[in-house]
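Since each chain sits alone in its own frame, please combine them into the complex, following the hints.
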Amino acid sequence: MATATEPRRDAQPPERSPQRDFRGGRDRPVGGFELWSWLFMRISGLLLLVLAVGHVLIMHVQDDGVGRVDFGFVATRWASPFWRTWDWMLLVLALIHGINGLRVITLDYVRKPGVRLTINMVFYVLGFTLFVLGSVIVFTFDPSKWPGYAS
Amino acid sequence: MATRTSKRKSDYGPIYKGHEGQYSWLLHRITGVAIILFLFAHVIDTAVVGWGPNAYNRVVRVYENPIVRLLELGLVAAVLYHSFNGIKILLVDFFPSLAKHIRVMGIVTLVVFLAAMLPITWIMGSQIIDLLRD
Chain G
1 MATATEPRRD AQPPERSPQR DFRGGRDRPV GGFELWSWLF MRISGLLLLV
51 LAVGHVLIMH VQDDGVGRVD FGFVATRWAS PFWRTWDWML LVLALIHGIN
101 GLRVITLDYV RKPGVRLTIN MVFYVLGFTL FVLGSVIVFT FDPSKWPGYA
151 S
Chain E
152 MATRTSKRKS DYGPIYKGHE GQYSWLLHRI TGVAIILFLF AHVIDTAVVG
202 WGPNAYNRVV RVYENPIVRL LELGLVAAVL YHSFNGIKIL LVDFFPSLAK
252 HIRVMGIVTL VVFLAAMLPI TWIMGSQIID LLRD
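Protein chains in written order, with this note's numbering: chain G, 1 to 151; chain E, 152 to 285.
If you're looking for bench data, these hints aren't it; they were derived computationally from the structure. Don't take each hint at face value.
Unchecked claim - Derived pair list, reagent style SDA-like, types lysine to any residue, alpha-carbon separation capped at 20 Å: (1) Lys145(G) to Val199(E); (2) Lys251(E) to Asp27(G); (3) Lys145(G) to Arg209(E); (4) Lys145(G) to Ala198(E); (5) Lys145(G) to Ala75(G); (6) Lys145(G) to Gly201(E); (7) Lys145(G) to Gly203(E); (8) Lys145(G) to Trp202(E); (9) Lys251(E) to Leu51(G); (10) Lys145(G) to Arg77(G); (11) Lys145(G) to Asn205(E); (12) Lys145(G) to Asn208(E).
Predicted model only: the values in this text are computed from it and were never measured.
The following block holds chain E by itself, in its conformation from the complex (with noise of 0.2 Å):
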């Protein structure tokens, strides 16, 4: 008799999908961690202002680079994101009959910052359009 040694993707069933909850749960805590990791390097590099003008424009003249500044885009929309979706976990804490209503503020929350980050993408967009043109 045959017997199967690995496993077949249909041996773990279907693959969870779970509530919009599940998916704003991980986005805040991807986030989260993003940011902390940047804050790390980021009290270091200021704190080398206290050494002086050159060491401190040496060091933030890495922000000339249009890369790093896609990913300062990428840590601003983390933490409107983070934050707004701390709102909604504050509102749902504090207040628990507004869980009924988790879905909708869920949505809101997903407007709003999607919302805030036309413009900021607009112009941090335009920032590094004229960095390139340079």
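With the rest of the complex left out, here is chain G (with noise of 0.2 Å):
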């Protein structure tokens, strides 16, 4: 797999100022899937700024937190189609943006190109099956099936 990570090369020089060596990240990818695959970390971030912190508070901090989390509760929740496309956003996002994460760090501490595919397809795999699993259920998911605890 072809990887630009290198600098990015202007008509000038790039300007190197020790202040210029303190910046967070890396460095802005060249061109191709890595210049995509950095805006995409970009921009689900910028959504899982709403999406994750937003379920985390109300999820983990507000009321009882995970305390009041049950059955009944995910019933009453999942009765509205704005927290079930929240909840599929969620997912898929943080899904591919974690698992992105997980390729970048592959590719900075492993070398050889066979245990690096190998890893990759695991997280990919796995990535793919927990993105099948999660979309059935926020989809499917009928409290009716069960009479007596859907509120």
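Listed below in structure tokens is the structure:
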């Protein structure tokens, strides 16, 4: 897999002051897949800022936190298409953002191409499986199958 | 002539102490890995809701354990740090002239994170204490 993560080559040589070396994150890739991956991490990160932080505050902090979460709670919450959409978007974006992060880390630390590919394939397959499982549950969950529990 | 067979600590030079940015980079990486590993488990435990109330309620009962709740507090901290540090990365990436203020931005990130964690630790901490009282 070709990776292009070296600094951007502009017409002028890149400015390298000590302050410039303090910057966070990695240099923007030159182009191709890595540039799209770089851009995706930033756009999905911005969306996850709302989706994930909101999710964490609502589910883990508000009221009794996770102590109030049970089947009835999920049934009430997922009665609303808004929360089903929220949770599905969070599922998809967090999985892709997280697994792409693992890919970047693997490229940093694993040198052997075969081992790299194996590790990444494990994460891709796991991610795809969880995407299918989560999507099916979010969209097909029907509490009326268990009468008496749905509130 | 005596020869040393094992290397001493001093042979590797002093411990490298990087800039603040190195530590925020490391924290970003560690919190990111922690969150995705939790997410793998979390998708599966939430999916159990599709198998009905008995199965799901048994799964979420794991959160009645105070140690699990402490780990949960750590998860919330990881998500918040990763988010706030992510904002810093976005700002510097899309407004490169901010790079000269990266040190201040790092400090602001840390202060905002700690300020957010203060009430959250209080709230989640009292939930854990309530749990211990029952």
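Now the hints, each set against the structure:
no.	hint	in the structure
1	Lys145(G) to Val199(E)	14 Å, holds
2	Lys251(E) to Asp27(G)	15 Å, holds
3	Lys145(G) to Arg209(E)	18 Å, holds
4	Lys145(G) to Ala198(E)	16 Å, holds
5	Lys145(G) to Ala75(G)	11 Å, holds
6	Lys145(G) to Gly201(E)	10 Å, holds
7	Lys145(G) to Gly203(E)	8 Å, holds
8	Lys145(G) to Trp202(E)	10 Å, holds
9	Lys251(E) to Leu51(G)	30 Å, violated
10	Lys145(G) to Arg77(G)	16 Å, holds
11	Lys145(G) to Asn205(E)	13 Å, holds
12	Lys145(G) to Asn208(E)	16 Å, holds
Checked against the numbered hints given earlier, the structure breaks only hint 9 and satisfies all the rest.
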